[in-house]
Structure formats: C-alpha cells, structure tokens
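J.: Chains as they are written, first to last, in the numbering used here: chain A, 1 to 65; chain B, 66 to 469.
Honestly, I wouldn't trust all of these hints.
Here are a few chain B residues that face chain A, going by a calculated C-beta distance under 8 Å [to be verified]: (1) 363; (2) 364; (3) 407; (4) 443; (5) 444; (6) 447; (7) 450; (8) 451.
Simulated from the structure, these hints should not be mistaken for laboratory data.
The structure displayed is predicted, hence computed values, not measured ones.
Yeah, the Cβ is synthetic: ideal placement off N, Cα and C, and Gly gets one too.
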Amino acid sequence: MLRIVVDHGKCAGLGMCEAEASDLFEVQNDGSLLVLNETPGEDRREAVIAAVESCPTEALSFVQE
Amino acid sequence: MTERLVIVGASLAGLRAAQAARRSGFTRPVTLVGAEPYLPYDRPPLSKAYLDDEVPKKPFFRTDEQLRAELDLDLRLNTLATSLDPSRRVVALSDGDELEYSAALVATGATARTLPGAEKLVGVHTLRTLDDAVAIRAALDAGARTVVVGAGFIGSEVASGARKRGLLTTVLEALPVPLVRSVGEEMGHACAELHRAYGTDLRCGVKVTGLESAHGRVTGVTLDDGSIVPADLVVVGIGVSPSTEWLGDSGVQLHERDRGIVCDEMLSSGLPGVYAAGDVMHFPNPLFDGELMRLEHWTNAAEQGALAVKNALNPAEAKPSAVVPYFWSDWYGHRIQFVGVPKADEIRVVSAELGEDKFLALYRRGDRIIGCISIDRPAQIMKYRRLIMQSQPWADALELAGVS
Ligand SMILES: Cc1cc2nc3c(=O)[nH]c(=O)nc-3n(C[C@H](O)[C@H](O)[C@H](O)COP(=O)(O)OP(=O)(O)OC[C@H]3O[C@@H](n4cnc5c(N)ncnc54)[C@H](O)[C@@H]3O)c2cc1C
Ligand code: SF4
Numbered sequence: 001m002l003r004i005v006v007d008h009g010k011c012a013g014l015g016m017c018e019a020e021a022s023d024l025f026e027v028q029n030d031g032s033l034l035v036l037n038e039t040p041g042e043d044r045r046e047a048v049i050a051a052v053e054s055c056p057t058e059a060l061s062f063v064q065e
Numbered sequence: 066m067t068e069r070l071v072i073v074g075a076s077l078a079g080l081r082a083a084q085a086a087r088r089s090g091f092t093r094p095v096t097l098v099g100a101e102p103y104l105p106y107d108r109p110p111l112s113k114a115y116l117d118d119e120v121p122k123k124p125f126f127r128t129d130e131q132l133r134a135e136l137d138l139d140l141r142l143n144t145l146a147t148s149l150d151p152s153r154r155v156v157a158l159s160d161g162d163e164l165e166y167s168a169a170l171v172a173t174g175a176t177a178r179t180l181p182g183a184e185k186l187v188g189v190h191t192l193r194t195l196d197d198a199v200a201i202r203a204a205l206d207a208g209a210r211t212v213v214v215g216a217g218f219i220g221s222e223v224a225s226g227a228r229k230r231g232l233l234t235t236v237l238e239a240l241p242v243p244l245v246r247s248v249g250e251e252m253g254h255a256c257a258e259l260h261r262a263y264g265t266d267l268r269c270g271v272k273v274t275g276l277e278s279a280h281g282r283v284t285g286v287t288l289d290d291g292s293i294v295p296a297d298l299v300v301v302g303i304g305v306s307p308s309t310e311w312l313g314d315s316g317v318q319l320h321e322r323d324r325g326i327v328c329d330e331m332l333s334s335g336l337p338g339v340y341a342a343g344d345v346m347h348f349p350n351p352l353f354d355g356e357l358m359r360l361e362h363w364t365n366a367a368e369q370g371a372l373a374v375k376n377a378l379n380p381a382e383a384k385p386s387a388v389v390p391y392f393w394s395d396w397y398g399h400r401i402q403f404v405g406v407p408k409a410d411e412i413r414v415v416s417a418e419l420g421e422d423k424f425l426a427l428y429r430r431g432d433r434i435i436g437c438i439s440i441d442r443p444a445q446i447m448k449y450r451r452l453i454m455q456s457q458p459w460a461d462a463l464e465l466a467g468v469s
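Bound-form chain B, shown alone:
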C-alpha cells in the first residue's frame, strides 16, 4: 500500500491536519483536496472584520508558496472528492483522478441551509464562503435594506455589520427568544437586548413563508401573517448541514438527524484508516459523560484536525478528543463568549445577582460546572473553562464568581 495521507476539505480542520502531520514527522505524500477555488481561509472574519473594514483583509491562512514549500503539500483545489471506497482504500475525485490512501481525513465541514427558491434570486445569500462574504459586502456597500432570517450567531453578526453602516436592519426569528437552544433563555434575552440597543428591528416568534421578488431580484420577505418586510439584501442564517453526500456509498455511519459522520472519541470513523474532524462530525465527548456532539466552533475544528491526524498516523497512541466547546461572537462591538455545554440542570445569571452590567451566567449539571457564558469579560471566561475542563465542583465556580 502506498503510504499517503489524503485530507478532504481544505479549510481550517484540513490545514491544521496537514500541519500536524508534518510536525509529527510524517514525510510521505500529503494530498489536500478542496472543493473551493481558494487556498484555505479563515471563516470567522467573514461575518466580522471583512464586512466592516474599509479595505477588507484577505482571510487566507497561508500563501500557496508556504503550503507547497513548507508543508510539501500536494494541493488539489477546485476539486471535489466524489466517493470513498474503503475496500480499495481510494478517494475518487471530480477530475477523474483516484487517490490511494493509507490514512484519510474527512474534513469537509458543512454547507449553509437556505430557503426554498433562494438560489434563483439575486440578493439572497447565506454566509459560509468567501464568495458569500464578497457578495454580502457589495450589497452592504450599496446601502441595502438588510433582512436577516434567523437570529443565530452569524446572522446576528451580519445585522451588527449592517447597523454599523447605519442601514435599516431587521432580524426575523421563529423562536420566541433567540438562541434558546444554544445558550438558554436568559442569555437569549440578553442577546436580544443587544440587537434592540443598537437599533436592529428584532422580531421573534415570526414565521417566514416566502420571498418576494421583481425581475429576478429579491424585494422582500413574506411572513405568515401576510405582511411583507421590504429588503434589498436577505441573509439566511438558519443553520448548516454536514457535507457528507460524497460518503453516501462508503459504508460510514451517518447521523440520522443531520447526516454528520459519526466517529468514536479517537475521531475514527470505524473504516480502516479513515478519521474525521471539525464541523462535519459527531463524537462522544468524554468530558461530558460521553455525550455525542457535533460542534460548529473554530477552536474545535483546529484542535480536532490536528488530533485526528495524529491518531490516524499513530493509532497505538491515540488520544480521545476531550474538548471543552468554546466559541465567541462579536456583536455591535461586544464580545460574547461561551465555554462548555448548555444542557444544564440550572443556569445562574451571576451578573444579575451581583448587580453588574456585563452579563455572566454559569451552567450546572449535577454538582459540577459545565458551562459559562459572558459578554465583554474576556479575562474571566478562560478561568471558568479551566474549571469545566477539570470537572470542578459547582461550589468552586460560585466561589470564583463571588456568589454563594
């Protein structure tokens, strides 16, 4: 068998995987396959600085030269993996090539879901790729009346960017409180407050039924009460689906809910030599009672990309992916940070108890702390992350917060 590492998906997890392979002394060929025409780039800035800055900075992690020379990568951009055959240990590509692998990493991430009929209309976008960001930025530059469908983190960041430019901005959310599922009710209210404080028209508990258009261009969003919200730009932020269509025939286990690839805690898919990392996959997290999770977080993709490859290349010394989930989001100049998991027996809004402005809430499961969320408290969040990582008792977290 040719010794070759094939990494499918040339984004954060894929790049970190390639770097980890080289750093751990792997000298055989490494092929990085990416569907997009671009070198690996960073996504978080796309809904933040890329929309705001006068001259947007190119978000590429590395130059072509660096990738080929420093990492000695066989880069196949603008190329899709179309299937994986575990018996022959081959990944087939859209250009007809077939790559034999000794180890393979699935790092194909996720694609944004959209509304029916959205593809055909000018002015309706999701925000997942650089192309999406370029288009949204152009619309904002042109002064678009902006409607965001879904009050999730990415949509809310776009709303924040639109308001920074003084544009008329509406956010439509189906739930009565935004983000309840990801952070809980109190925090959802705190987030809603931010939108309102900065002049975004946040409407909760509304159902979008369709898109209005004229001459192939979007003109508004229709709601279930029959009203129409006028729009020149509609950004749909209603979640993502793992990119696993190409694995359909591979025999790999896909999750029944979202078809994300299901792995064990070592990030192995169960097929010999095939591992996965990042937004595309579910794994049982040993830090949280083996709870199966699929995370859509930057730090997780970076950490898992590196770990999955080390495990793939050296299964005898494989380590489990025991990550404390962590993400941040920047709204209207405020930084929201969340560590841990939101499914809790109790959530205490510590900042309210202490009479402090800046939001801080702690999440308890059993007698330990399992999560923490804050707004504009960058110095504190990592201290709670450490407690969560070490499965520390709830009482210690309360003590750190200064409440009892």
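Looking at chain A on its own, in the form it has when it is part of the complex:
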C-alpha cells in the first residue's frame, strides 16, 4: 500500500502538490498542508509520484507498506 509522508517542517504551503492531485492534497487557510487521503489506491500512484516530484521544498515522499 502507498502511504504519503509530509515533512511539515519543510513544507512551505506552496501548493504545487495540490495542483498535481487535488483529491489528495489541500493547502489550508493558514498555509499548512492537509493530506486528504494518506493512503490512496494503486490507481493514484502516478499522481502521487508527480506530486512528490513537483514539491519545490522536497517536503513530500511516499512509502510502500
């Protein structure tokens, strides 16, 4: 199973991940990031990879469990 990991210390709330996958990520009013679905299905793998790669601050990663 895929699990999304956010390093909130690194996340700058820039929202590039949300632009890639709005069903998984949402930047909040205070600029923090909410992961809407931490364990998306296999069908969202591509989108997760795109989001991880798009993050300017390298705050995102995912683990395979």
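Since chain A is already given, all that's left is putting chain B with the ligands on it; use the hints.
T.: Just chain B with the ligands now, kept in the frame of chain A:
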C-alpha cells in the same frame, strides 16, 4: 561519440536536471559545471529568511557527498563554461578542459544588472548570489540606512527585511506605480500600500541619476531633481540579464531584447543535443497561445530543468513545457502569490467587490481566466492555477470567487 550529459550552470535548473537524468535511468557520465565556488543552493531564502533569521541557515540543496555518491556527478565548481562548439559537440571550460557531450543543457540563469559605477563602491550590492546575501546581511547587522533602487519583488523583500530590524528604509521606483508591468496597476497599488503600512518610504516616479560616495564608500543616491537620499547600504534591484555571453559564437539564437537563449516548446535550442532551462531562456508556452516567455520563477526553473533533460535524452518522446507561471514573494510577513500571465483584457479586483481585506484579483483574456494574484490566500491560489492550467472559462473563475 562519448555518451555524456554536460549541464552548464550548477543551480536549481542544473541540479534538477541532473536528478532527472539519474531518475530516468541514465547511467553514463553527468558533468555539472558551475561558475560559483559553492554547491548548488537555493536563492529565494537569500532575500527572506537569510536576512531575517538570527542565525541564517545554509541554503545548500545537497551535500557534496550526496551529489557525488547518490547522483554520481562529475562536479566542476568554480569553473566557467567559455564556449560551446556544436560541430565538435564540445563545451570548453575556463580551466582549459574540453567536455565532449552527447546532450548538453544550458542552465546558466541570469545575473543582476546594476548601476554605472556601482562595482567600485563599498556598500552597493545587487542580490543574486550567496556572496551578495552575506554582504547585505552584514550591512543590515551594522544598522545601515537602506536604500533599495527598484521596487521589484527582490528589492521589496530586502526593504521588508530592513524594516523588520527597524532600519530607516527607502525604496526608489522609476514607474509611477510599482510592478505595473508584472502584475498590473491595481495590484501595484496594493503592493505599494504594504510598503507604506510598514514604514518604508516608497517614492515612485523618481529617477536615480547617480551614487554619492566618500573614501570609496557609498553615502547616498542622487535623484534627477538634484536631491540626495542618504544611504549606508544601496541594494540595486533593477532586473537581470540572461548569462549567455559564453554562447556568443555557438550559433544559437539569442533574443534581440535581452539575449536570452530562444528555444522551442520542447526546450531545444535547435543545435543538435543542446537544450536549455530556467531563467536563461525563452520558450513558446503552448498554454498561452504559444506566447514567447522568459520566466524568472523558482518552480519554472525546477520543472524545466527536469523536463529539458528528459527531452534531451529521449527526443522521440519529448513533451512540451506547458507551465503555468507561478511565483510567490514574502513582504512584511505577507505572502504575495501570482499564477498565470499578467497581459489581460480585463483585471477584476474580486476582493474589493466582495468587500474583503485580503487582496484577490483575476485576469481575463478572451473568455478564459489566464491569471490570478493574491495576498495571504494560500488556500485559494492553487485552485485558480488549476483552472488556468485547464484553460477553463472566465465564468468558472468568477463562480469560484463568488462574484458574477
Ligand atoms: C534573492 C532572490 C530571491 C528569489 N525569490 C524568489 C521567490 O520568492 N519566488 C520565485 O518564484 N522565485 C524567486 N527567485 C527566482 C529563482 O531563484 C530563480 O528563478 C532560479 O534561481 C533560477 O534558476 P536557474 O537555475 O535557471 O538559474 P540561476 O539560479 O541563476 O543559476 C545559474 C547558475 O549558472 C552559473 N553560471 C552562469 N554562467 C555560467 C558559465 N558560463 N559557466 C558555468 N556556470 C555559469 C551561475 O553562476 C549560477 O550559479 C529569487 C531569486 C533571487 C536571486
Ligand atoms: S508542494 Fe511541497 S511545499 Fe508545497 S504544499 Fe505541497 S508539500 Fe508543501
């Protein structure tokens, strides 16, 4: 031909390119050439946290060990590329070495323009490099009266940093409204308001004619009305020029206005195997009717660095650079964010219509939304970015904003 990827410019675009090459399975030599003596580092913090924090954090992306071991890079720092010969497929270096390439990436970014006579004076700086940031920070630490020439984003961030320390701060801007060209008039006014609210003396419509000095040290800035603004630190933020001098004889096409390298939408320069990415280049953006753009934005440099290399290594499956321009800037604790392009048929200041404090404006071209700017609305900006990316109709954007 030796299979080797040569990346010129060891900054954001160059680093992302090297990472993308390895990630896509390229196992042959990758050489990263950088003029600066430093490992690749991040520039946005230089005008923000680096000036503010009690102990500034080192802005390096990766350690030397990580770059060499994880990415297996042949790193040539403190080394300039001096020319590119497309017939021999060779990049020549300042240390006399010549690098044969099968693919080459131009990621040499841009250098800051300055005022005539500025180089000779102590206390006058541009802000592009880590060395610049160290010098500016030292002057701020010493309590300098700060004058910023040019009310652009980087200069405004420096002003904000100086005010945070309670220093006397002046911003001099030639245009009647700051940033009109990059974001439009209403937004320019909103930005001007921020300066004033935090005690920065913003003077618009003034022309700087020279620098005053004593014993080789700057003492002030002269204006065209003859007045002098006293200064211990002058930060010049009047724009940048693409770093392409070294490509002069390569036969590559350089833009007539700024000599940035002109590429196609796949980021190819037209010379076999030579691609470009980031601040150094112009490309026709398929998302905006093929409009030729040169962006000076972090996310663009990161995305294009990766894309250009993938295209270079696998031209048969090349993808166009269809980016929605995006940048942010932090002033006085407020975050300004802009997505899209500013050249619009209409700009609607939605926040004013709704009677809300936090600024939000939408940009229309034809019947679609092409841009959005906001202050302190981090949750919203990416929702508009998505609309812009998908070329959605204007009406949808208005609906999202809650106006009609
Ligand atoms: C102070 C500052 C603050 C910023 N803040 C923001 C922000 O808040 N948001 C945002 O979106 N963007 C911001 N930016 C812009 C962003 O940092 C740039 O878009 C990005 O750095 C561009 O990356 P690049 O790799 O294309 O070029 P650069 O970062 O300019 O790097 C080019 C590198 O190539 C080297 N080089 C040049 N010529 C040669 C040669 N002949 N041989 C070898 N090496 C060479 C240079 O020394 C340099 O290290 C900021 C920029 C600065 C300077
Ligand atoms: S892209 Fe990265 S920095 Fe931006 S919100 Fe997502 S995790 Fe945070």
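J.: Min Cβ distance, residue 364 of chain B to chain A: is it shorter than 8 Å?
T.: 6 Å, holds
J.: Grab the minimum C-beta distance from residue 447 of chain B to chain A and call the hint holds if it beats 8 Å, violated otherwise.
T.: 4 Å, holds
J.: Does the closest beta carbon of chain A sit nearer than 8 Å to the beta carbon of residue 444 of chain B?
T.: It holds, given that the least Cβ distance between residue 444 of chain B and chain A is near 5 Å, below 8 Å.
J.: Given residue 363 of chain B as an interface hint, is its Cβ closer than 8 Å to any Cβ of chain A?
T.: 6 Å, holds
J.: Going by Cβ atoms only, is residue 451 of chain B closer than 8 Å to chain A?
T.: Result: holds, 6 Å to nearest chain A Cβ.
J.: Less than 8 Å between beta-carbons is the criterion; does residue 443 of chain B satisfy it with respect to chain A?
T.: 4 Å, holds
J.: Could you check if residue 450 of chain B really has its C-beta closer than 8 Å to a C-beta on chain A?
T.: Residue 450 of chain B check passes; min Cβ-Cβ to chain A is 5 Å, inside 8 Å.
J.: Against chain A, run the beta carbon of residue 407 of chain B and see if the smallest gap drops under 8 Å.
T.: 19 Å, violated
The structure fails to meet hint 3 from the earlier list, while all remaining hints are met.
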